[in-house]
Amino acid sequence: MIQMEELTKIYQMGDNEVRALNGASFTIEKGEIVAIMGPSGSGKSTVMSIIGCLDVPSGGRYMLAGMAVENMDDSQLAEIRGRKIGFVFQQFNLLARTSALENVMLPLTYAGISGRERQARALKALERVGLSDRTHHAPNELSGGQQQRVAIARAIVNEPAILLADEPTGALDSRTGVEIMDLFQSLHRENGQTVIVVTHDSYVARHTDRIIKLSDGMVVSDEPNPDPIRAGAPRPAEKL
Amino acid sequence: MLFSENFRVALRALRANKMRSMLTILGIVIGVATVVSLLAIGEGATADITSQIQSGGSNLLVVSPGKQQKGARFTGQSHQLSYLYYVDYQMLERGLTGNISAVVPIYQSSYTVKFGDDSFNAATVGVLEDYQDVRSFEIAEGRFITDGDNDSQALVAVLGKTVAEELFGVLSPLGKTLSINGVKFQVVGVLEAKGASFGSPDDSILIPLETGYNKLFGETAIFNGKKVVNNIFVSVETTETMDTVSAQIEFMIRRSHSLEPSDELDFYVQSQSDTLETLNSVTQTLTIFLGAIAGISLLVGGIGIMNIMLVSVTERTKEIGLRKAVGATKNQILTQFLIETVTLSLLGGVLGILLGVLMAAVFTVTGLITSVITADSVLMAFSFALMIGIFFGIYPAFRAAELHPMEALRYE
Ligand SMILES: Nc1ncnc2c1ncn2[C@@H]1O[C@H](COP(=O)(O)OP(=O)(O)O)[C@@H](O)[C@H]1O
Ligand SMILES: [Mg+2]
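Quick note, the sequences are listed as chains A and B, same order.
Letter by letter, the first sequence follows residues 1 to 240 of the numbering used here.
Letter by letter, the second sequence follows residues 241 to 652 of the numbering used here.
Hint data in this document are derived by calculation from the structure and do not stem from the laboratory.
Here the structure is a predicted model, which means the values were calculated and not measured.
There could be a bad hint or two in this list.
[Said to hold, decoys possible] DMTMM-like, lysine to aspartate or glutamate: derived pairs with alpha carbons at most 20 Å apart:
| no. | chain 1 | residue 1 | chain 2 | residue 2 |
| --- | --- | --- | --- | --- |
| 1 | B | Lys570 | A | Asp74 |
| 2 | B | Lys307 | B | Asp616 |
| 3 | B | Lys570 | A | Glu6 |
| 4 | B | Lys558 | A | Glu127 |
[Unchecked claim] Cβ-Cβ distance ranges computed for the label pairs, FRET-style:
| no. | chain 1 | residue 1 | chain 2 | residue 2 | range |
| --- | --- | --- | --- | --- | --- |
| 5 | B | Ala601 | A | Glu127 | 54 to 60 Å |
| 6 | A | Ser143 | B | Ile533 | 55 to 61 Å |
| 7 | A | Glu6 | B | Ile536 | 58 to 64 Å |
[Unchecked claim] Coverage of chain B stretches by chain A, computed from C-beta distances (three or more under 8 Å per stretch; other residues unrestricted):
| no. | region |
| --- | --- |
| 8 | 563-574 |
| 9 | 636-646 |
A virtual CB, placed ideally from N, CA and C, is assigned to each residue, including glycine.
From just these sequences and the hints, can you work out the full model?
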């Protein structure tokens with residue numbers, strides 16, 4: 001599904017070159033749930049933005065479902081972002097003064113789905129994340145966990161094949177963070193979606209089946225997690 | 241994404257910053273209001289003047305001395321040493337054919353007029369009885385000058401409304417005696433006001449022409465031993481014969497002035513439609529000029545909108561990044577911001593039209609200037625606002641559309 005070969009990403013900062021990615025390679029199959037870990041500045045967000053077609057690599061190859069992304073134009077990339085990928089961010093990135101329902105409808109609007117169907121699907125997505133009773137609340141009337149659920153509803157409303165979450169629990173307390181991870185797990189289990197979660201919290205990472213570690217823009221370890229933490233299990237005491 | 245949705249998004253964005261939105265469109269509001277009210281005033285003035293000229297008799301030909309000067313016909317500036325004479329009038333009176341209803345000469349000059357201690361200068365016009373019909377004057381009080389007054393060289397005067405009010409206030413001037421250049425005249429009538437238009441009698445005093453030649457005008461009204469007239473009015477019954485009558489007049493006076501066929505005319509014949517044409521071209525120029533000023537203020541308003549939209553694009557960088565992340569194409573972002581700018585400027589346009597209509601109404605109600613709002617001017621102002629919105633919206637919208645999705649999302 002996702003094939004990365006010798007990916008590089010270089011940012012030009014004045015005279016300096018920042019190598020955000022320095023030859024990272026990995027493959028993620030359809031239906032996997034994977035965590036990407038690494039210290040701050042190791043290139044996690046950069047990798048996610050390339051997977052999500054928000055950015056293109058400076059070098060290397062990225063194949064998404066067998067298609068070479070670097071040959072696509074803006075409207076093709078926009079279509080992939082809208083239909084194939086659901087993004088969840090650390091800071092939720094909900095539109096202010098806009099109800100949860102309308103926030104969730106946004107991707108459907110750009111996908112050209114008609115008003116009635118849009119609303120029905122958005123309501124279903126909100127129900128899926130357990131927010132049926134908050135559809136008309138604006139972001140500032142919701143808790144952080146609820147806001148992140150709205151953002152997840154927005155990410156899944158188009159039923160994308162891939163869910164990308166960049167530190168989705170980073171702005172939440174640990175209990176709410178675990179709830180969010182449970183949500184990703186069940187989405188993965190029930191819909192067979194490919195889920196990739198960036199985190200620097202190893203407890204969060206252990207909710208997935210596989211953990212990729214980055215350092216200085218390179219993959220330093222890529223190992224399966226044979227015994228992932230299941231939804232609802234209490235967090236071990238030493239991690240609190 | 242449908243227009244209506246874009247429009248809702250735009251309204252939400254504008255509501256989020258109500259005060260700023262209002263201040264932003266102020267330039268457009270003022271510009272549009274100026275366009276609408278100025279055009280209304282221009283239109284009103286044209287309609288006013290047109291109706292006043294037409295009320296002066298639409299089948300009227302006016303013969304004046306001198307060369308016709310395009311665009312400067314009311315300056316009264318005539319060629320030196322060209323005169324019209326009383327004998328010209330007599331010849332026209334006898335010779336013209338083709339449904340002529342009246343031929344009237346006038347001679348006018350300015351004199352000091354006194355009543356009691358009041359004195360001021362007023363145009364004194366020597367006229368015949370038919371002058372009333374020719375100029376469609378209404379009598380407010382008393383009577384007009386008659387043929388009998390002329391025959392007997394009676395010392396009687398008919399006052400224009402303003403003169404009557406200046407000299408007598410609320411008192412009736414009828415029967416009172418005033419002195420014009422030292423000669424005593426008895427007031428026998430007062431004319432209705434005609435308003436401040438060309439040839440309005442409001443500021444004049446009318447006397448019998450013969451009385452004038454014999455008792456008031458003196459040597460100034462004589463040239464080469466002939467009585468001079470300022471204008472000869474020829475009133476024609478049907479508009480169809482105007483052209484032939486006009487040609488007859490030219491032919492006859494040319495002969496009476498013994499001009500060679502190669503000589504230029506030393507007089508000219510003007511119809512009301514000529515006068516209207518000139519006036520219309522003058523008011524049109526004025527309207528265009530005022531419109532241009534208003535257009536400049538619209539332009540300034542447009543630049544203000546563009547400025548704010550650029551600020552808005554920067555402020556909403558993250559939002560734009562998010563929209564792109566959930567599938568918005570460049571075109572969709574472009575459309576969204578363009579519609580936002582257009583919404584702003586159209587809002588300004590609508591408010592401006594309302595304000596302009598209000599201003600025009602205030603002008604009319606207070607009697608300052610008559611103004612007429614036309615659908616054309618409203619439509620023009622509206623489409624101007626639309627064009628400003630599109631023109632000044634393109635660049636900010638383009639900036640928004642071209643934002644890099646990842647960089648935009650990272651923007652703090
Ligand atoms: N737009 C950018 N311009 C310059 N440098 C950048 C930009 N984005 C990221 N970087 C740099 O690239 C490196 C990797 O960044 P990032 O992928 O955000 O790391 P992480 O998400 O793992 O913390 C960092 O050193 C960061 O400073
Ligand atoms: Mg990051």
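We went through each hint and held it up to the structure:
1. With a CA separation close to 7 Å, the supplied pair Lys570/B and Asp74/A stays within the 20 Å bound.
2. Straight-line distance between C-alpha atoms of Lys307/B and Asp616/B comes to about 38 Å, which puts the hinted pair past the 20 Å bound.
3. This hinted pair does not check out: Lys570/B and Glu6/A have alpha carbons roughly 30 Å apart, beyond 20 Å.
4. Between Lys558/B and Glu127/A the alpha-carbon distance is near 27 Å, which puts this suggested pair outside the 20 Å criterion.
5. Taking the beta carbon of each, Ala601/B and Glu127/A are about 56 Å apart, inside 54 to 60 Å as hinted.
6. Look at Ser143/A against Ile533/B: about 57 Å separates their beta carbons, and that is inside 55 to 61 Å.
7. Between Glu6/A and Ile536/B, the C-beta spacing of about 60 Å keeps the proposed range 58 to 64 Å intact.
8. Three residues within the 8 Å Cβ limit are the bar, and the region 563-574 of chain B against chain A gives 10, so the coverage statement holds.
9. For a cut-off of 8 Å, the count of residues in the region 636-646 of chain B with a CB near a CB of chain A stands at 3, and the three-residue condition holds.
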